[in-house]
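Undergrad: Residue numbers (full-length UniProt numbering), protein chains in the order written: chain A, 1 to 388; chain B, 1 to 388; chain C, 1 to 388; chain D, 1 to 388.
Honestly, the hints are just simulated from the structure, not real lab data.
Just so you know, even glycine gets a beta-carbon here, dropped at the ideal spot from N, CA and C.
Please note that the accuracy of each hint is not assured.
Stated by the list, open to error - To spell it out: a stretch of chain D is covered by chain B in this simulated footprint if at least three of its residues, at any positions, have a beta carbon under 8 Å from a beta carbon of chain B; those stretches are: (1) 53 to 65; (2) 88 to 96; (3) 332 to 343.
Stated by the list, open to error - Straight-line C-alpha distance at most 25 Å; calculated PhoX-like pairs for lysine-lysine: (4) Lys154/A <-> Lys4/A; (5) Lys3/C <-> Lys49/A; (6) Lys49/B <-> Lys4/D; (7) Lys122/D <-> Lys284/D.
Protein chains: 4
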Amino acid sequence: MAKKQLNVALIGYQFMGKAHSNAYRQVARFFDIEVEPVLKVICGRHEQKVRAAQERFGWQEYATNWEDVVARNDIDIIDIGTPNNTHAQIAQAALKAGKHVLCEKPLATTLEDARASYELAKKSGLVHGICHNYRFVPAVAYIAQLVREGRIGKVRHFRATYLQDWIVDPNVPLVWRLDKSIAGSGSHGDLNGHLIDTARFVMGTEFAEVIGLQETFIKKRPLLADTEGGLAGFKAAQDMGEVTVDDVTAFLARLENGATATFEATRLAPGRKNYHRWEINGEKGSIVFNQERMNEFEIYLTDDPQGVQGFHLVQSTESFMPYMSAYWPVAHIIGYEHTFINLVHDFLLAIVRGTPFTPNFEDGYRNQAVLSAVERSCETRQWTKPEK
Amino acid sequence: MAKKQLNVALIGYQFMGKAHSNAYRQVARFFDIEVEPVLKVICGRHEQKVRAAQERFGWQEYATNWEDVVARNDIDIIDIGTPNNTHAQIAQAALKAGKHVLCEKPLATTLEDARASYELAKKSGLVHGICHNYRFVPAVAYIAQLVREGRIGKVRHFRATYLQDWIVDPNVPLVWRLDKSIAGSGSHGDLNGHLIDTARFVMGTEFAEVIGLQETFIKKRPLLADTEGGLAGFKAAQDMGEVTVDDVTAFLARLENGATATFEATRLAPGRKNYHRWEINGEKGSIVFNQERMNEFEIYLTDDPQGVQGFHLVQSTESFMPYMSAYWPVAHIIGYEHTFINLVHDFLLAIVRGTPFTPNFEDGYRNQAVLSAVERSCETRQWTKPEK
Amino acid sequence: MAKKQLNVALIGYQFMGKAHSNAYRQVARFFDIEVEPVLKVICGRHEQKVRAAQERFGWQEYATNWEDVVARNDIDIIDIGTPNNTHAQIAQAALKAGKHVLCEKPLATTLEDARASYELAKKSGLVHGICHNYRFVPAVAYIAQLVREGRIGKVRHFRATYLQDWIVDPNVPLVWRLDKSIAGSGSHGDLNGHLIDTARFVMGTEFAEVIGLQETFIKKRPLLADTEGGLAGFKAAQDMGEVTVDDVTAFLARLENGATATFEATRLAPGRKNYHRWEINGEKGSIVFNQERMNEFEIYLTDDPQGVQGFHLVQSTESFMPYMSAYWPVAHIIGYEHTFINLVHDFLLAIVRGTPFTPNFEDGYRNQAVLSAVERSCETRQWTKPEK
Amino acid sequence: MAKKQLNVALIGYQFMGKAHSNAYRQVARFFDIEVEPVLKVICGRHEQKVRAAQERFGWQEYATNWEDVVARNDIDIIDIGTPNNTHAQIAQAALKAGKHVLCEKPLATTLEDARASYELAKKSGLVHGICHNYRFVPAVAYIAQLVREGRIGKVRHFRATYLQDWIVDPNVPLVWRLDKSIAGSGSHGDLNGHLIDTARFVMGTEFAEVIGLQETFIKKRPLLADTEGGLAGFKAAQDMGEVTVDDVTAFLARLENGATATFEATRLAPGRKNYHRWEINGEKGSIVFNQERMNEFEIYLTDDPQGVQGFHLVQSTESFMPYMSAYWPVAHIIGYEHTFINLVHDFLLAIVRGTPFTPNFEDGYRNQAVLSAVERSCETRQWTKPEK
């Protein structure tokens, strides 16, 4: 039986470009689905680099002008993996051109732009998604099932940290992620954005009010000669530039489900590489997840028999867990890249089957409303409610 | 050589009474010191119970009236292990009577009373101590050395949680710790009090400002027939009473050393029994400690050779670590009770050698100033500075 | 620049067929290499199934007769992923036909056949490989570097366990892996085979002598209607058949490097899914690895400073570690499938660059010599030296 | 009510002397029992040292001649904590003198002597015990209950390691534990002795046959000036002496309950301080224990609901677990010394209540029969059955 083909254009070719390319290439190799994405065209400003990416990642063509790509008739999906300050513009143009859009987080660098993208998407009738890929970790998707089914009862506490250390060395230069005009935010947007999405996804709740604290400890860093720099291959220049984003943002929250919550994101925690760890405490149990060990989770259940009560260390690689039947036998683990494959799987099915897709632009917008409320709370030093 | 003897009177005979009795009994059996505490008299209101405690814990006498005990000429040390609302009164009486005083935490149930006790102690010339026993975990004392020596550089973040679950069952009755008039506070005073002390001790800093959030999820609980109840042997009565303390208190802080900090204490975290865990991130490393595994800690050092960088799991039972030479060979672990033995060791030496003792009433006061600032911040919803 | 293309034929399409297909498809997408494997033809006995596999895994053609495939002129590499009892025959035919051969473990089901395949390969001048994929876990390859460089000094002990539980339920039917005539061996060949390879690889040593113990606890199991069964989808028939392989094999060994060693493989350890864990103790340190957490390892170094000595938990996802620069940023983990991609990478480069490839048929043979010696030692109850 | 008093004489005052003294001193302070041991006399050869121990550990008297002590009429219990080569002689003399005897492990340095002590004890009508203190870890006692009740079904595998590193430095001198004439054995007797006892206790089975492997890697070490040396404060002399005991002994076993088992004891495993870890696999579950974290254990149960199956990390500090009601609230941990308190508790009750006490001299003998069989198997290179 011939599969339905969907032509994809990917804007951006660096870290996210690589992850998204892999997802399109692999999705129909692992999942038995009626649709096959075609890696049509990859687009970036630097011809030489995008051409290398085209070849490496297996795209049919490359392009250097995203407006041209968006205008093409043969493209079904626009996937946006560019620096943050371009997301809104591209997403809106793509929606206007009638394309399904998958956008890397954040939806925009301002809440106004995020709302505009969301409203356009809502009216469009197209499938729109925001790449909160950690929802697609099988353990996380499974935990969301457990929590929503009431396995641990009504949730009382959520505590989440996302700790990294890649800028703890003050000689790490001023890459675009440290420049507010491009990145929009620092640890807060990049890492708390993930934690906020997890909270919303796993518990199915919204944020009632927040109050936060932000700090930039290393205020100046060496300028990069080449601002395309990326995360690797730092070469420091002589001159110093100002870091315009936060190193750390912590905040307290009250959630609409009645739970209390704490959040902290930092890139200055030595030894923490991708320590995206959270714990939920409910009336009848607790659950712990850590992205660094994404193939397992811990669960405590108060209804376990006396004498054997304790956190269960569950390997989340069983074939009955979300997405896992596509892959390998139990305990033959999957990795970071599979979160994107799972996400693309759901996204493609939404297009061909008409099923709803989340996280979508509404999720992207609500996420930024929380991020933005936290930032305002840091400035005003007041508890703040996110925009609805 | 005859040892100097110091006569001790212990007020209180329940959980803390047992722990303190053990400490006096054992200190000179483990440590080679020139002083021997004499377990002179144990005091409590219920004659039958205190008499049983006298015999069980090895005291020479018992008494039922603490005023009489404080007035005795043959007592050198008054040790206070009673419910919280009596601490200040007994401590002040003891100081006025010229006794050295070791007081269970908190120093008082109001900041005013705590300040009064502290000021009296400061003028007294006597040795005064507050039982923040976790300073005396060898790992904790050793970590404080490492941090103060600069081993992990300037501290940027401190994140601390103290999670328990002993009241997650709504049938747990209204024990005194859930009654504000006796306990003064709930999780906040009981558990955040420990975390605040740890922060002050390990980093040698004070709190600049705080903002918090509190919640009581289970607002009514069965009344106890016998209000002496203690932690065990709950027998629920028919009638319900109001819980007047917090189940959870979380707060953000800025510390005077420039670090950002997060704190959370709850008794509603299923599976967490005594999860008193904290992490420090400095410029050059990180340290993690968890009281449930108090004989070990984790340390990450940025100056480790490339390729073997990772958190070291250190067994804190080496004989060169604080207090450990008194006990057993490496990895032959010690327990909760030894924290009190170590504390009493330092307290006795302060009396006979004139060395300074910490934590003392100043620490008790400063701790309560932070606790109190957090409580005010919960009411006013404003960032709040602790009283100096 | 046009890449050199190598045409691959894969015999077998089940678990290993899927893993190998993925490796060929992905290798040039992750690694920047001058060679591109072409997924030419996949071969299996059942036309319908192999056709489905062809489509799913992305092969150009399918075939049902391996002899025909081996005879084709347009094939450069024969990859063997069939049940164990066919490995030797196919491998020898492929070598005779002048093909490079990559063979799933074991090389054969008898030592004689393994030796024959090895000797043919040695004379052939072709590239030959045996799929001990765990050598290609970045952590394992990195540990081998550390050990061979002397980082932990002369090795004294190696202790290894490979524990699974997938047949602990007596209703699991008699799949081919439990039939000696097809599988050749049970836990021993399947799991100890991996441990023996790890020992040889990581320490660069051979086995001097061994003595073992074997047991089959569950002696009869339901017969399968469909003997193609695979690991999943067990459907038990009425009749029972005899299990002809071992459930557990444990053995002691003396290695040629002077170390003592212990090994145990079982499929009857409840809760152990893929617990492939080993520890090396050397004069100056120890290293621990567990395949279930394949993106990390532990190392203890006696030359660490006093007071911070402890096992380092190292995340083996740093870009300077073997193979890792091809993938994702640190702590963005890889999975089971990447071990095959790494293996194929090395195998292809051996063909196009003429570099040596290990593990090859010599490794396959030496491995089986140890397995065989253990089996003989179980029968004779005597210490036994592996055939050289 | 006046308690029954039992007068104790302790022979030996070093590491075990300290641990046993503490146990007698503390037992009636923690447990509510009808008996109170009196620390009557401590005995050792070196007057100055034993006198210091008398004072430090709280004994009424000291003595330097054990024969005199055994002959005293006012002594009820002889406790033997001397070097291994004196155990049998003292134990037999004490039994002949009509004393209850608690003997440190091993019962003797030869199997013949062990049997003689056991037979004398059996006929004596007195209470006799061997200090396999790890049976009295609450977790271990509780696990034994679970296993004997069938919680994990019929046991199939037992795997045990006892790893230390205190002699990995070749400059560690020739202390008595490295001298066969005093210690009788090395890692084998000292550490495998514990593992064998654990196997017998937890599973309630005997050993059918064994085969082992032994090695001494560091064959010469500096002589000690003072052969009383003990474990700490090594001061190396110029001259070298021969190490006459094993560094490592590993062995395979078949147990009478049908299980297969593996054992390994070494003192040359860098980073392992007291890594006394074992795992049991049964038909319906698995249990793991590690003495370094003696206040917890892991259990896996195949009857857990699907989706939450995993090892439970159980804190073994619940008041309903063996011995724990004597101590502190849950997760307020106990330590190494409490194993001796628990042991002495049971031993005293055996005397005053006539209840049976295990482990006793039969256990000591059977343990040595296994140790001895392993040693013979190392010499003969044959599977060997322990003497019955």
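Undergrad: For every hint, state whether the structure bears it out.
TA: Hints, verified against the model:
1. 53 to 65: As far as the region 53 to 65 of chain D goes, the hint holds, because 3 residues have Cβ atoms under 8 Å from chain B.
2. 88 to 96: violated (count 0)
3. 332 to 343: holds (count 7)
4. Lys154/A <-> Lys4/A: 43 Å, violated
5. Lys3/C <-> Lys49/A: 18 Å, holds
6. Lys49/B <-> Lys4/D: Roughly 22 Å separates the two Cα atoms, so the pair holds.
7. Lys122/D <-> Lys284/D: Since the Cα atoms of Lys122/D and Lys284/D sit roughly 38 Å apart, the hinted pair is violated (cutoff 25 Å).
In summary, the structure is inconsistent with hints 2, 4, 7 from the numbered list given earlier, while agreeing with the others.
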